[in-house]
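2 protein chains.
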Amino acid sequence: MKKAVILLSGGLDSTTCLALAIEQGYDCHALSFDYAQRHRGELQAAKQIAQFFSLNEHRIVQLDLSAIGGSALTDLSLEVPDYQQSDAIPITYVPARNTLFLSYALAYAEVIGAYDIFIGVSSIDYSNYPDCRPEFIEAFTKMANLGTKFGAEGGHFLIHTPLIHLSKAETIQQGVACGVDYAMTVSCYQLTAEGKACGVCDSCEFRKKGFVEANVPDPTVYV
Amino acid sequence: MKKAVILLSGGLDSTTCLALAIEQGYDCHALSFDYAQRHRGELQAAKQIAQFFSLNEHRIVQLDLSAIGGSALTDLSLEVPDYQQSDAIPITYVPARNTLFLSYALAYAEVIGAYDIFIGVSSIDYSNYPDCRPEFIEAFTKMANLGTKFGAEGGHFLIHTPLIHLSKAETIQQGVACGVDYAMTVSCYQLTAEGKACGVCDSCEFRKKGFVEANVPDPTVYV
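Going down the list, the sequences are from chains B and Z.
My numbering numbers the first residue of the first sequence as 415 and each following residue consecutively.
My numbering numbers the first residue of the second sequence as 415 and each following residue consecutively.
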């Protein structure tokens with residue numbers, strides 16, 4: 415079985431992405447980040463999901479982004495805004511987050527001999543984060559193959575983005591077909607201590623709309 | 415004064431790079447990484463160098479690469495080899511190290527509003543590390559500008575590599591001209607607890623040769 419490294423946040427997208435990678439026959443090594451995000455609910459979800467799919471390996475990497483701040487997701491003094499339809503990049507953007515996550519995945523992949531990396535980014539129904547766009551992924555792939563021993567010696571790392579052109583509803587439909595139980599996943603940026611989603615942040619908004627459009631019952635518990 | 419982020423390992427190259435950035439008039443914010451490297455001598459050197467140049471800011475970021483391993487610099491069960499003239503990439507290569515370091519620098523730069531990042535890589539007198547080559551830096555720059563808010567909104571991050579085409583001797587000459595005291599810097603991959611350099615690893619070899627060719631007294635204490 416070919417090894418793959420999967421970035422697993424514990425959210426709807428990365429969980430679907432993991433399910434699709436498993437469906438494609440990869441031996442999946444999941445990587446999650448404890449990056450001082452606002453709540454730990456998504457890390458607990460990631461652990462549960464890794465167990466659910468009986469992964470051989472799930473690593474949680476400490477990455478202190480609160481020392482850097484600059485985002486409502488890592489700086490507790492900033493408030494998470496309610497969803498607003500806009501082309502602007504909201505304050506929940508975390509500087510260079512996917513660049514950092516993919517860089518770590520790349521290092522890990524090279525060490526374990528995995529040349530396929532999966533990330534559940536989407537450029538449809540998203541918050542205009544620049545590091546979710548196809549052109550970013552393409553540029554990262556090129557850089558990854560120039561900056562690594564494996565790439566420099568003629569190998570090729572591939573970054574798989576199976577959701578990049580899917581709406582949230584299509585993602586949910588694909589996940590359901592692969593047996594994903596979305597009750598395990600956490601999308602909300604400001605989950606309560608009791609595990610309830612706010613229902614008003616960007617992430618909740620896209621998720622709620624996705625379940626409605628997919629005609630799939632939404633298992634999320636909202637406040 | 416324009417802000418710049420400088421990757422500062424405490425070695426000969428990054429210290430020269432810092433001195434050149436200061437010479438160019440940048441307000442330098444240095445970033446070092448505690449990445450479970452074999453010895454802490456270079457981090458102590460980095461601190462001393464930051465003080466010497468009276469930097470306003472020097473952050474040391476914890477980055478656990480020993481959990482990943484795969485390099486003689488992060489996995490203590492692997493031995494650091496003596497220098498050998500070769501075109502191969504040696505076992506001291508750390509998977510995706512500069513990708514990770516630059517990604518962190520990018521995140522930090524975007525948060526503090528610095529659009530200039532300095533890294534002291536050289537593709538002359540080096541260990542064939544792929545992430546020291548101009549084509550890697552070029553690809554990283556492109557990726558950085560596609561993956562960040564600043565870049566997506568029309569800004570441009572620039573990665574400065576003032577040493578990339580310099581021999582070690584030329585680097586030393588430029589550093590001396592900028593007032594660098596190389597006694598503060600640490601290059602050896604396996605510094606002893608007493609702060610003595612091994613004199614036989616790749617990094618010692620390039621450094622020794624550099625001082626000889628530059629006709630500058632070598633202040634390094636060897637075992």
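No lab work stands behind these hints: they were computed from the structure.
Wrong hints could be hidden among the right ones.
[Claimed, not checked] Selected chain Z positions facing chain B (in silico; Cβ < 10 Å):
#: 1; residue: K461
#: 2; residue: L469
#: 3; residue: V475
#: 4; residue: D478
#: 5; residue: A481
#: 6; residue: F515
#: 7; residue: L520
#: 8; residue: Y529
#: 9; residue: R547
#: 10; residue: E567
[Said to hold, decoys possible] Simulated restraints, written as ranges between beta carbons of each label pair:
#: 11; chain 1: Z; residue 1: I505; chain 2: B; residue 2: E549; range: 32 to 42 Å
#: 12; chain 1: Z; residue 1: P495; chain 2: B; residue 2: K417; range: 24 to 34 Å
#: 13; chain 1: Z; residue 1: E552; chain 2: B; residue 2: N470; range: 48 to 58 Å
#: 14; chain 1: B; residue 1: Q499; chain 2: Z; residue 2: Q458; range: 48 to 58 Å
#: 15; chain 1: Z; residue 1: S491; chain 2: B; residue 2: N470; range: 16 to 26 Å
#: 16; chain 1: B; residue 1: P495; chain 2: Z; residue 2: E608; range: 47 to 57 Å
#: 17; chain 1: Z; residue 1: S491; chain 2: B; residue 2: G569; range: 16 to 26 Å
#: 18; chain 1: Z; residue 1: V635; chain 2: B; residue 2: G569; range: 36 to 46 Å
#: 19; chain 1: Z; residue 1: Q476; chain 2: B; residue 2: K623; range: 32 to 42 Å
Beta carbons: idealized from backbone N, C-alpha and C, even for Gly.
Hint check:
1. This hint is violated: K461 of chain Z has a C-beta 17 Å from the nearest C-beta of chain B, more than the 10 Å allowed.
2. A cut of 10 Å between beta carbons decides the hint on L469 of chain Z: the least distance to chain B is about 17 Å, and the hint is violated.
3. Nearest Cβ of chain B to the Cβ of V475 of chain Z: about 7 Å, under the 10 Å cut. The hint holds.
4. With 10 Å as the threshold, the beta carbon of D478 of chain Z comes within range of chain B, its nearest partner Cβ sitting at about 6 Å, so the hint holds.
5. Among the interface hints, the one on A481 of chain Z holds; its C-beta lies about 7 Å from the nearest C-beta in chain B, closer than the 10 Å criterion.
6. The beta carbon of F515 of chain Z comes within 9 Å of a beta carbon in chain B, closer than 10 Å, and the hint placing it at the interface holds.
7. Look at L520 of chain Z: its Cβ gets to within about 5 Å of chain B, closer than 10 Å, so that hint holds up.
8. For Y529 of chain Z, the interface hint is violated, the least distance from its beta-carbon to any beta-carbon of chain B being 12 Å, above 10 Å.
9. Checking R547 of chain Z against chain B by beta carbon gives a least distance of about 7 Å; that is within 10 Å, so the hint holds.
10. For E567 of chain Z, the interface hint holds, since its Cβ comes within 10 Å of a Cβ in chain B; the closest pair sits about 7 Å apart.
11. Checked against the hint of 32 to 42 Å, the pair I505 of chain Z and E549 of chain B passes, with Cβ atoms roughly 35 Å apart.
12. Between P495 of chain Z and K417 of chain B the beta carbons are some 27 Å apart, a value that agrees with the proposed interval 24 to 34 Å.
13. For the pair E552 of chain Z and N470 of chain B, the supplied restraint of 48 to 58 Å is violated, since their beta-carbon distance comes to about 37 Å.
14. Distance hint check: the CB atoms of Q499 of chain B and Q458 of chain Z are about 52 Å apart, consistent with the given range 48 to 58 Å.
15. A hinted range of 16 to 26 Å holds for the C-beta pair S491 of chain Z and N470 of chain B, which are about 22 Å apart.
16. Checked against the given bound of 47 to 57 Å, the beta carbons of P495 of chain B and E608 of chain Z, roughly 55 Å apart, stay inside it.
17. Distance hint for S491 of chain Z and G569 of chain B: a CB-CB separation of about 25 Å, consistent with the stated range 16 to 26 Å.
18. Checked against the given bound of 36 to 46 Å, the beta carbons of V635 of chain Z and G569 of chain B, roughly 41 Å apart, stay inside it.
19. Distance hint for Q476 of chain Z and K623 of chain B: a CB-CB separation of about 39 Å, consistent with the stated range 32 to 42 Å.
Going down the numbered hints, you'll see the structure goes against 1, 2, 8 and 13, while the others check out.
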